[in-house]
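K.L.:
Here's the letter readout for the chains.
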Amino acid sequence: MSKRAREASAKARAAAQREAVRKQEQRKRTTMLTTIGVIVVVAGAVTWWSVRQSASEQVTGALAPVTIQPDGPIVMARPGVTAPVIDVYEDYQCPACKQLELTSGSTLKNLAAEGKAKVVYHLLTIFKQEPTMSNSLRAASAARCVTDGAQWIKYHDRLYQEQPSETSVGFGADDLVRWGRDIGVTGADFETCVRDQKNVAAHQQYSAQVIATQKLPGTPTVMLDGQSLGTTAFVPSALREAVLDAAK
Amino acid sequence: MVQLASGRPVLSPLQSVATALSWVTTLARLVLGVSLFVAGAIKIGAPAVSVQAVKAYELLPDTLATVVGHGLPIVEIIVGILLVLGLLTRPSAVVGGLLMVAFIVGISSAWARGLRIDCGCFGGGGTVGADQDPGYIWELLRDVGFLLCAAWIVYRPPGRLAMDSALGLAGSRELGTAGDDEDDEDGSDTD
Chain A
30 MSKRAREASA KARAAAQREA VRKQEQRKRT TMLTTIGVIV VVAGAVTWWS VRQSASEQVT
90 GALAPVTIQP DGPIVMARPG VTAPVIDVYE DYQCPACKQL ELTSGSTLKN LAAEGKAKVV
150 YHLLTIFKQE PTMSNSLRAA SAARCVTDGA QWIKYHDRLY QEQPSETSVG FGADDLVRWG
210 RDIGVTGADF ETCVRDQKNV AAHQQYSAQV IATQKLPGTP TVMLDGQSLG TTAFVPSALR
270 EAVLDAAK
Chain B
137 MVQLASGRPV LSPLQSVATA LSWVTTLARL VLGVSLFVAG AIKIGAPAVS VQAVKAYELL
197 PDTLATVVGH GLPIVEIIVG ILLVLGLLTR PSAVVGGLLM VAFIVGISSA WARGLRIDCG
257 CFGGGGTVGA DQDPGYIWEL LRDVGFLLCA AWIVYRPPGR LAMDSALGLA GSRELGTAGD
317 DEDDEDGSDT D
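Respectively, the protein sequence lines represent chains A and B. Heads up, the first sequence stops at 277 in my numbering, and the numbers go up one at a time, no gaps. Heads up, the second sequence stops at 327 in my numbering, and the numbers go up one at a time, no gaps.
Hint data in this document are derived by calculation from the structure and do not stem from the laboratory. Quick caveat, the model's predicted, so the values are computed rather than measured. Note that beta-carbon positions come from the ideal geometry of N, C-alpha and C, so glycine has one too. One thing to keep in mind: the hints can contain errors.
[Said to hold, decoys possible] Reference excerpt, derived from the structure (chain B facing chain A, CB under 8 angstroms, subset only): (1) I180; (2) A182; (3) P183; (4) A184; (5) V187; (6) Q188; (7) A192; (8) E194; (9) H206; (10) V220; (11) L224; (12) R226; (13) L303; (14) G304; (15) L305.
With the sequences and hints as input, model every part of the structure.
P.N.:
What follows is the structure, given as structure tokens:
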């Protein structure tokens, strides 16, 4: 009798304990799943925001006229648009400059086409080691052989597309000539100009002068009315906003 | 000096060691968590810069580098917050530790290949100028330090001031000891 009763109560207690543990485990699992759910939702929202605000624009419509200044800079602006000024300091061989062009190049073109800004490209050579220095010089010299503004901007974009690795020799003369032909640069003098690297000295002089006077921290540097935009230049929506604010 | 009359003085050194160790976990969580959060927060606004920083290592194909560049700041921020809060502590520390291993591999490989990279860890992107020292050794030492923090947290989660404890998500060892008194009849479960 008494033994039976003891056994029964022990069983009951064991069952109650199992039940308590089971409930605790269940509560733990619910809390865990809720937490993970919240984290996933937050991560999703942040990803969506990040991708959206950093999305690149598309170039629709025609570009603003591009003019090549004899002393070096290249201006892209609608006639009569003189402000705000966006100065773009870049190097054909610099990977971060390629990233800038991929990300915000279309925004710069659109802003110029809309008459919202005057865009000025300054092509530099920041590298002091090989093979990057010679790559950069060959590309910059070749781009200066393109004398038509509309073709220049196409050539500029093509050079970034074809940018070699920083550890290998690239921007070879044959390629530089072929890319020019691809975008419609005709004439034998272009080829001679590229192969003889006729503009290297002029480019180097301009590059050194700009780097010294502007005290550039590196490339790419994008300045809006003389003030560096920092990483804002890499965020198309923020870049556009800054330029539109400056125009007010 | 120590009172031997009560049983307490014998136990308390052990307990205080345990307490101290769990505060070490808290400290490790703060160091690793705040660093990850800051590193992510600086990068999150400009993912293109972060993508560029990943590409600079020349280890991943461009598509994957883009995904990592966008995703890394988000992961860093979330794991950083979780570690500071002490929520899902052990898995967060595992993720944090894996990130550090990836960074250590990336930096070592860049160093070995003679690439000159500003690691992009704290916001900078891309390459350093010819005159600058990339400072790889310091980056490596720092990341090894962070890895040790992560390892400690994985070993002894969740530490003091952790939401895991408040929510009852902490390890099951403590739960097991809660409701036990009887000695047992082990064979009784015959269902």
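K.L.:
Does each hint hold? Answer for all of them.
P.N.:
Now the hints, each set against the structure:
1. The interface hint given for I180 (chain B) is met, as the beta carbon of that residue sits about 6 angstroms from the closest beta carbon of chain A, less than 8 angstroms.
2. Contact between A182 (chain B) and chain A, as hinted, is supported at the beta carbon level, the nearest pair being about 4 angstroms apart and thus within 8 angstroms.
3. A hinted interface residue such as P183 (chain B) counts as satisfied when its beta carbon comes closer than 8 angstroms to some beta carbon of chain A; here the least separation is about 5 angstroms, so the hint holds.
4. Evaluation of the A184 (chain B) hint against chain A yields a held restraint, the C-beta minimum of about 4 angstroms falling below 8 angstroms.
5. Interface hint at V187 (chain B): satisfied, since its Cβ lies 7 angstroms from the closest Cβ of chain A, which is below the 8 angstroms cut-off.
6. At its closest, the beta carbon of Q188 (chain B) sits 4 angstroms from a beta carbon of chain A; the interface hint therefore holds under the 8 angstroms criterion.
7. For A192 (chain B), the shortest C-beta to C-beta distance to chain A is roughly 6 angstroms, which falls under 8 angstroms, so the interface hint holds.
8. Below 8 angstroms, beta-carbon pairs count as interface contacts, and E194 (chain B) has one with chain A at about 7 angstroms; its hint therefore holds.
9. The criterion of a C-beta within 8 angstroms of any C-beta in chain A is met by H206 (chain B), whose closest approach is roughly 6 angstroms, and the hint holds.
10. Hint on V220 (chain B) is violated. Least Cβ distance to chain A is approximately 14 angstroms, over the 8 angstroms limit.
11. Here the hint on L224 (chain B) is kept, as its CB sits about 6 angstroms from the closest CB of chain A, short of 8 angstroms.
12. Because the smallest distance between the Cβ of R226 (chain B) and any Cβ of chain A comes to about 12 angstroms, over 8 angstroms, the interface hint for this residue is violated.
13. This hint holds: L303 (chain B) has a C-beta 5 angstroms from the nearest C-beta of chain A, less than the 8 angstroms allowed.
14. For G304 (chain B), the shortest C-beta to C-beta distance to chain A is roughly 6 angstroms, which falls under 8 angstroms, so the interface hint holds.
15. Nearest Cβ of chain A to the Cβ of L305 (chain B): about 6 angstroms, under the 8 angstroms cut. The hint holds.
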